Amino acid sequence: MSKRTVQFKIYRYDPDRDEKPYMQDISVELEPSDKKLLDALVRLKVKDDSTSFRRSCREGVCGSDAMNINGKNGLACLTDVDSLPQPIVLRPLPGLPVIRDLIVDMTQFFKQYNSIKPYLVNDNPPPERERLQSPEEREELNGLYECILCACCSTSCPSFWWNPDKFVGPAGLLAAYRFIADTRDEATNERLDNLEDPYRLFRCHTIMNCVDVCPKSLNPTRAIGKIKDMMVRRAV
Amino acid sequence: MVKRIVVGAHYGLRDWIGQRVTAIVMALYSVYFGICALMLPEMSYEAWSGMFAGGFMRFFSFLFFMSLFYHAWVGVRDIFMDYIQPVGIRLTLHVIVMFLLIGYAGWAAQILWRL
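Protein sequences appear in the order of chains Y and D. For the first sequence, full-length UniProt numbering begins at 1 and goes up steadily by one. For the second sequence, full-length UniProt numbering begins at 1 and goes up steadily by one.
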């Protein structure tokens with residue numbers, strides 16, 4: 001591919017200097033090797049090094065470069081820059097406090113993640129080798145363990161925007177089901193108790209924004225449905 | 001009082017199932033009511049009140065209204081939970097809606113058994 005110029009409209013806010021956020025129009029010339037939006041952003045950073053964004057692995061594994069791209073949350077490193085209509089409008093993830101430019105404060109998001117105890121609870125002494133699962137039991141964890149905690153889903157969820165302190169959010173609930181579904185975990189009842197609440201789980205109204213934006217093609221809505229299903233089977 | 005975020009009211013499931021069951025009741029009633037209304041020989045007060053004269057129709061209609069009010073209660077409370085953040089205002093609105101719906105339920109019974 002040849003050299004081409006890309007137009008950007010980027011949300012800029014430096015609380016030390018700016019009174020309020022503004023949108024900056026900027027264009028950048030790409031090299032033929034630049035394929036992804038992140039490549040373009042790195043190029044842009046060379047042109048204007050005050051532009052701030054998070055990035056690390058640049059291959060959709062670390063989940064640091066989640067942002068709102070042309071109105072839809074996604075990872076800059078997985079988004080094909082040539083597929084985007086221009087100007088490419090970049091904003092920070094919606095609903096979380098902005099630290100600077102495209103960098104948001106994810107404390108609330110991780111608080112919710114921590115609240116579901118994202119680790120195996122099993123008080124039995126570990127066997128000499130590993131705790132075994134059948135292939136079918138292991139199969140249930142597919143589509144759950146792959147979450148990279150980029151927060152694209154939770155920050156596209158209106159219920160999480162309105163009650164981020166009380167609603168666990170799609171990412172946290174997907175992780176919760178990952179441990180509820182794990183046959184090696186023994187805290188299933190406690191985990192269900194922890195979620196049986198009008199706010200923590202039942203703020204989900206199944207609008208599926210989370211499924212629409214997940215860069216790993218995971219389905220938090222289905223996981224939430226399975227948690228509700230388990231609660232029904234426990235109660236009825 | 002220290003302001004801490006407290007959750008864990010443990011009643012989410014009951015209302016979630018209730019909303020789905022009441023939706024099914026309302027869907028079934030809508031079909032049944034539609035068929036009964038279309039099968040009326042004429043659109044007159046006598047025919048209309050005759051349709052509600054049977055015990056089954058009265059019972060089913062009352063069940064429909066009760067389902068509607070319970071369904072509405074869960075739905076409206078959900079909206080308040082999302083959009084009304086101050087607890088005092090939310091509680092006041094909850095109480096108003098609850099009394100309104102209880103009043104409507106009594107009114108519905110009165111109308112049905114007066115027809």
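Derived by calculation from the structure, the hints in this document are not laboratory data. One thing to keep in mind: the hints can contain errors.
Mimicking DSS-like on lysine-lysine, the simulated pairs with C-alpha atoms at most 25 Å apart in a straight line are [stated by the list, open to error]:
hint, chain 1, residue 1, chain 2, residue 2
1, Y, 47, D, 3
2, Y, 20, Y, 35
3, Y, 117, Y, 72
4, Y, 35, Y, 3
5, D, 3, Y, 3
6, Y, 111, Y, 216
7, Y, 226, D, 3
8, Y, 166, Y, 36
9, Y, 72, Y, 35
Every value quoted in this text rests on a predicted model; they were computed, and no experiment measured them.
So, going through the hints one by one against the coordinates:
no., hint, verdict
1, Y:47 to D:3, "violated (46 Å)"
2, Y:20 to Y:35, "violated (33 Å)"
3, Y:117 to Y:72, "violated (29 Å)"
4, Y:35 to Y:3, "holds (11 Å)"
5, D:3 to Y:3, "violated (56 Å)"
6, Y:111 to Y:216, "holds (22 Å)"
7, Y:226 to D:3, "violated (33 Å)"
8, Y:166 to Y:36, "violated (36 Å)"
9, Y:72 to Y:35, "holds (19 Å)"
Hint check: violations occur at hints 1, 2, 3, 5, 7 and 8; the rest are consistent with the structure.
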